[in-house]
Amino acid sequence: MDLDFKVLQKIKGNPSAEVAPNRRLKVNPGQDYVYDMPKELIYNVNKEFPLENMLKQVTDAGEESLSIQGRKFMTILIREADSERFRDRTAEMIEKVAQQTGIRFPHVFERYIELGILALRPRDAWTVTEATTRTLKVRSYNCSLSKLLAEKGVNNCGLFCLAANKTAAERIGITLDITCAKDNMGICEFTYRPQ
Amino acid sequence: MCWVCEKYGKGGKWYLNPENYARRLYKIRKEGKEAAGADADPQAAGMGAGVVAELVKARISGDREWENEIKREALEQAYQTHFGQVVTLDEYLQILDTAYPLAKMTCGCRRVQRGMPDEENFTCMGIGPGMYKWERWPETYRGGVEFVTPAEAKEWAMMNHKEGRVQTVDVFGTPYIGGLCQCEYPGCVAVRNRIDYDFKFLLKGHFVAKVDREKCTGCKSCLGRCQFKALNLEVYTSKAYIDLEQCFGCGLCVTACPSGAIQLLERQSMPGLAENW
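Chains U and W supply the protein sequences, listed in that same order.
The UniProt record's numbering puts the first residue of the first sequence at 1, with every later residue one more than the last.
The UniProt record's numbering puts the first residue of the second sequence at 1, with every later residue one more than the last.
Pulled out of the complex, with its shape left as it was, chain U reads as follows:
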């Protein structure tokens, strides 16, 4: 064990004391909150960003347009997700914690990424495999968007996600190193690290 008697002797303080004034949050008795992503948010985003239109535009204009579409999609998603109508209690708490601690990565960013996946491919299997203040990893299995694009002869699907991810990072004012690892078993994992 690296820590020893001498180190511990220097530690002072009461663990139950508040670390900073007004940091402690209290329960609001009788207050009900809503959580999770409402289906209406999916409908609204899809109305403004129909997948069929996107596929057609990408087929017509080539792979380069994937980036434009990715940015467009995330811009719409963020606007709707942050609107008063769709902002849930998780979003409020993520923001409150970020303000209190000064730490905005991973969750302020991750929220947009997750809502983006749910809005675009709600039936897909995906998970978060790492979420620390230094690294975020999101893994998708058999991405349905990738399949749809491949059917249209578009194989560089990562361009869409990369552009969408960068738009979300810009929104929260963080520059990220973003990498994407795909295998031939249908697993695609994005890794995000603040620079």
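No lab work stands behind these hints: they were computed from the structure.
For each residue, glycine too, the CB sits at the ideal point set by N, CA and C.
There could be a bad hint or two in this list.
Said to hold, decoys possible - Calculated from the model, a selection of chain U residues having no Cβ within reach of chain W, i.e. all distances over 10 Å:
| # | residue |
| --- | --- |
| 1 | Asn44 |
| 2 | Pro50 |
| 3 | Glu52 |
| 4 | Gln57 |
| 5 | Glu63 |
| 6 | Glu84 |
| 7 | Arg85 |
| 8 | Val154 |
| 9 | Asn156 |
| 10 | Gly173 |
| 11 | Leu176 |
| 12 | Ala181 |
As the list claims (entries may be wrong) - Computed footprint of chain W on chain U, listed as stretches where at least three residues anywhere in the stretch have a Cβ under 8 Å from a Cβ of chain W:
| # | region |
| --- | --- |
| 13 | 1-14 |
| 14 | 131-138 |
Let chain U serve as the given structure and place chain W on it in line with the hints.
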């Protein structure tokens, strides 16, 4: 390696694997009761508290088979849902860089067992994305929560260690680790149920403590720190003695020793203890 490491450690200790702290923030909202947050209370399983009354009955009756049956069934469920393992302070500090967010909260065990007032009882930590939804369980979090940075959490963890609390990781839906406890016997339900009833909701840690008899001065600083009845003073020599079978490897004795006479060794390095979790 313990069975949890073999299953969820990816070649290392399971509680140092970031995957076991990561979860999605969002799912699509369900209708009705679930939408209002009627999911199970994360602390409802209670580390065996729910079956201990029956266990006491079985023990008083002297029916060992009944007692073992209760334990077997309860543990089978617990290992899929809610159990804990002792970790060292060093490991605890590493975990505070692996999980986020981190929220100080009051300890439900100490509240119930010792009647601790909430304002003096911020010795537990809720971790991970579930903590953004803490208001769904007002009884569990009735003392409130306090979100902290990893640096603040480390300082706080060291204060707790200094005050003599055993540090553990706690699972909420195996292998997802959603809590870091810091508690002591007899306040802690998990520690007490393990010590008094050998109820293995709380697994031993990956280390055991060993005394260097040359260095031990017999000052007794370590004696009160052991929550597991593993530490004694040898009457013939006036030196500390650790029962390795009983040691949980928390390291509280190590940091209490002014002469550096106690060391932690890997449990796996001792054949007789390697499977003693």
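Check on leucine 176(U) being off the interface with chain W, judged by Cβ distance over 10 Å: holds, 16 Å
Nearest-CB test (10 Å) between chain W and arginine 85(U): holds, 13 Å
10 Å cut-off, C-beta based - glutamine 57(U) kept clear of every residue in chain W: Label holds. Min Cβ-Cβ 27 Å, cutoff 10 Å.
Residues of the region 131-138 of chain U with Cβ under 8 Å from chain W, three needed, outcome: Since 6 is at least three, the answer is holds.
If we take the beta carbon of glutamate 84(U), is the closest beta carbon in chain W still more than 10 Å away? The claim stands: glutamate 84(U) keeps its Cβ more than 10 Å from every Cβ of chain W (closest is about 16 Å).
10 Å cut-off, C-beta based - glycine 173(U) kept clear of every residue in chain W: Non-interface label on glycine 173(U) holds, nearest chain W Cβ at 19 Å vs cutoff 10 Å.
Quick check for students: does the CB of proline 50(U) sit more than 10 Å from each CB in chain W? holds, 19 Å
Distal placement of glutamate 63(U) relative to chain W, Cβ over 10 Å: holds, 29 Å
Cβ separation check - asparagine 44(U) to all of chain W, threshold 10 Å: holds, 14 Å
Can we trust that glutamate 52(U) is non-interface, i.e. its beta-carbon lies farther than 10 Å from all of chain W? holds, 21 Å
Taking the minimum C-beta separation from alanine 181(U) to chain W, is that value above 10 Å? holds, 15 Å
A cut-off of 10 Å on Cβ-Cβ distance, and valine 154(U) was said to be off the interface with chain W. Does that hold? Correct as stated: the minimum Cβ-Cβ distance to chain W is 27 Å, above 10 Å.
Checked against the numbered hints given earlier, the structure satisfies every one of them.
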